[in-house]
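Visitor: Spelled out, the chains give:
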Amino acid sequence: MNKQDFRSRDARLGFLLVLPAVILVILVVILPIISGIQISFTSQRVVGSEYEFIGPKNYFELFGDKQFIASLGKSAIWVLANGFFQTLAALLIALLLNQPFRGQNFVRTWIILPWAVPAAVTAILWRWMFDASAGIVNTTMKGMDLVQKPVLFLANPDIAGASLTFVNSWRYIPFLTIIFLASLASVPEEEYEAAQVDGANAWLQFKTITFPNLLPTLTVLGLVGTLWASNVFDIIWMMTRGGPGDATTTVPVLMYDMAFYGYNISKATAGAIIFLFLLIIFAFVFIFANRKQFVVASETFQDLSK
Amino acid sequence: MEQPPSRVEAMQVVVDKFNEKYPQYRMKQNVVGWGEAFTRVPAQIEAGVGVDLQQAIPGFFVYVREMGPKGVKPATSVYEQVAKEVKFIDAYVDQYRADGEIWAIPAFGMLELLMYNKKHFEEAGIPHPPKTTEDVLAAAKKLNDPENDRYGFALPASDTLAGTQSIYTWMGAFGGKKIFDDSCKPIVNNPQNKRAYSFLKELASYSPPDIGSYAWAEVEGSLVSGRASMITFKNAFMNAWINDSGLGPNDLGAAPIPVPKDGSGERFSLAYSNAFMVMTDDPKKQEGIAKFMSFWLSPEIYGEWLGNSEPGLFLPVTDDAKTNEIMFSAPVLSQFKAQHQTSLDEAPYTGMYGFMQNNYCPKVGQFEGQNFTAKAMEKMIVEDISPDEAVGYLEELMLSAK
Amino acid sequence: MKLQISIFSLLRAFVIVLIMFILLAPFLWILLASFRPNMELVRNQSLIPNTLTIENYVSLFVKSGYWQWIINSFIVATYTVLISLPLIVAGAYSVYRTHYWGRNALSLFLLSVYIFPTALLVIPIFRIFNGLSLVDSHLGCALLNTAFAVPFGIWLLQAFLKSLPPELEEAAAVDGVGRMRTLFQIIIPQAAPGIIAIAMFAFIVSWTEYLFAMTLLLSNDLHTLPIGLTGIVFGQYRVNWGFAAAGAVGSAVPVFFLFLIVGRWFIRGISAGAIK
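Protein chains in written order, with the numbering used here: chain A, 1 to 306; chain B, 307 to 708; chain C, 709 to 984.
Treat the hints with caution; some may be incorrect.
Cross-link-like lysine-lysine pairs, in silico, DSS-like; alpha carbons within 27 Å at most [unchecked claim]: (1) Lys500(B) to Lys424(B); (2) Lys74(A) to Lys390(B); (3) Lys327(B) to Lys771(C); (4) Lys390(B) to Lys597(B); (5) Lys448(B) to Lys142(A); (6) Lys66(A) to Lys424(B); (7) Lys142(A) to Lys323(B); (8) Lys870(C) to Lys207(A); (9) Lys708(B) to Lys379(B); (10) Lys708(B) to Lys57(A); (11) Lys390(B) to Lys379(B); (12) Lys500(B) to Lys66(A); (13) Lys292(A) to Lys870(C).
What the hints contain is simulated information worked out from the structure, not anything from laboratory work. Since the structure is predicted, the reported quantities are computational estimates derived from the model, not experimental observations.
Whenever a hint applies, use it, and build me the whole structure from the sequences.
Guide: Rendered as structure tokens:
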């Protein structure tokens, strides 16, 4: 088998193998987006109702809509708070749990539980525990004399966003931690041994060995985590529905409300498309800035085909 | 459509009996929670897999009607067939009249009362029931004791349906029930509503600090647990009162919504007509639907269902002594006869935002769906703006609706 | 020096216990709550219950559709796992072990599914799936879950594939064994722990999914656990806290057992160093 022949068969095989996944993604993501773009240029109010083509009117309206602009800001804060805080916290927890200790296996198995239950459970659990009068968090804090008045976790507009961030982090940090732990386990033991021989301290080891090895994981989670956080809808909707006031009204919440309770599905879809566009820009910038991390290292067969 | 298991079960009993009596028809219950109805039901209709008979509340009816002819079908002929057998209370039918047609067959009503804890009133030496809005404020102020986590009232100042319904009820009591003029232009920025919002703002100060996140459950829970002494609510928690309050049926007070002392308001409550929309053109199916509705609303079946499915919440839409007799003899409801009678007595003095006798303003869908009255209330509390500004904001929201 | 280390490890133990407490205590709390009468929960959620009851569980097991929901959730999750696994294994092998133009871009393209604003585009999805007759079917729901499990699943599996020594494959190639046979006979058996982990990942993605199930599964008897549970928890007009707590426990228990049996494979299966 010559090199040329091998290469092209390799390429064909690779392409065929990934094709089903690509088709599925096109079906589930690309087609609905195209359909969404179509709707966004119409006057449709309710799903299934009659409509006409109105050009980019919905988009113009949105750019002048104070509430929409405000929700973009809320989303930006939400994404920063969640994406950044969660990734950082998960990384720290993973580093902590990576050193051997008694009960390590227990912790590594059960830490994941908050991620594995439906959002409705998470929402009700915390709505209940955050309750101002009967909630366990407030009664405990009062019992310990930490607070005089109950903290209005979800009813105080200054705190609601932070409370939701906490709950959402409670849900996702375990999963991110597990991924970091897996990634830490892949760092070759020999590198640490060599560093210890050289007398490198813990910080130096982290800087020169752990961190570079974690970087690809960190980059992918930075990308995917941001996208996940930006589209979080269920927890917010079920806990505050965007309130109090508009304190927790992020873009997905505002658009959902507009689409189904504001009788304006076409404008809401336009809002979603704008948001999507912003996310795409973010993704491109992020990928470009970190392009080295995204190049997949693949050593197989290269030598063989020489 | 009503989702809690006990309600689904009670409805299933009716459906089973119907299927047994009329083997030529087959009725199947499909349950969709209200939280999902706005996305799911239009999707079902779009896909051609919708149901033939769809439960509606006024706001949802407006929403489905936006879909045009492929959504809800005129139900006048079905209504007329049913009306031959049962006598409907007009107020419940009116909410579904538009463009010369009737669009849904009423099935049960709901309305708001002032529910209160008689024991609290007696212990504090306050005469009850409160008859005027001034009485309500005075009682709330006297009963309010935040130090001990006790509050005079529990008013949901939240962006929820609970908020919308409670607040609109008080707007009506102050004489502001009409929110659109005949050309569907919002007319809420008026002295009546300013007084109502000023009343509500004071009431909120005698309410728990977290009312900004209250939905139905929290409001009900606060009265049942003894944390609050008064709420605006449906007389709908008899089971909870017996099981959870530690008090007896006679300790639960139910009064008509109080009105201002100077007589400027009117006897009023928000009434919610729950009805069934006909979603099929097929004459055979329509005939079956008429048969089913007549069967359900017949005294034996209806009385039993009203009395047991969720005692107190569902009010008869028919005027029928036998139905009421059966309803009142249900085990739980029979202990709360006086309170339930208050609901029945108030039925003629009710109304529904945006629905006039023969038509409705389409904007009411957004008015309810996005909880405009509650948003204005929330803003007034959270940002501490004046009642006048809050009412101005309410009008602004209504003007922005399409 | 020694003292320092012990203070450090004491501090570390404290932080670990604290973290685990925050993450797991709510589950203990709701477990306790589920055995308490509604009255107690409405009035005051003190830590120590006065009375215990199984009434909430009677409601859950007998009066609600719990068993039906569990079965449906299992069906959807099983479909999701069965469809995702071949796609993930094939996809990961393709992206990380073969060469073709645009391979990098393709792997990024796959990750782009997470850009998708799910809450709003459920309606177009509904239309497309309706055209394919996949509405009101567990399979349709599983396909959607699969689309969202596969891209990250591929990424998870790559770490594992990377750690497999390429020599075996090269030897197979020299011996003239076809690539597909190599994949089945050499790669898959070696990647077994990774594949178990991916299966768990896909399972959980499906188990917790709400929005697609809510939109696509129209008939009551097809509803999955998150839909049923949301109905219980966020019912109109009334919430029975005790019942809601029992429902929450009822949805966590299957996951609990899953992790009890295969939990330790999860982290091992997504770590590259694991098989060394």
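Visitor: For each hint, tell me whether it holds in the structure or not.
Guide: Taking the hints in turn, this is what the structure says about them:
{"no.": "1", "hint": "Lys500(B) to Lys424(B)", "result": "violated, 30 Å"}
{"no.": "2", "hint": "Lys74(A) to Lys390(B)", "result": "violated, 56 Å"}
{"no.": "3", "hint": "Lys327(B) to Lys771(C)", "result": "holds, 25 Å"}
{"no.": "4", "hint": "Lys390(B) to Lys597(B)", "result": "holds, 11 Å"}
{"no.": "5", "hint": "Lys448(B) to Lys142(A)", "result": "holds, 25 Å"}
{"no.": "6", "hint": "Lys66(A) to Lys424(B)", "result": "violated, 47 Å"}
{"no.": "7", "hint": "Lys142(A) to Lys323(B)", "result": "violated, 54 Å"}
{"no.": "8", "hint": "Lys870(C) to Lys207(A)", "result": "holds, 23 Å"}
{"no.": "9", "hint": "Lys708(B) to Lys379(B)", "result": "holds, 23 Å"}
{"no.": "10", "hint": "Lys708(B) to Lys57(A)", "result": "holds, 15 Å"}
{"no.": "11", "hint": "Lys390(B) to Lys379(B)", "result": "holds, 20 Å"}
{"no.": "12", "hint": "Lys500(B) to Lys66(A)", "result": "holds, 26 Å"}
{"no.": "13", "hint": "Lys292(A) to Lys870(C)", "result": "holds, 17 Å"}
Of the hints listed earlier, those the structure fails to meet are numbers 1, 2, 6 and 7, in rising order.
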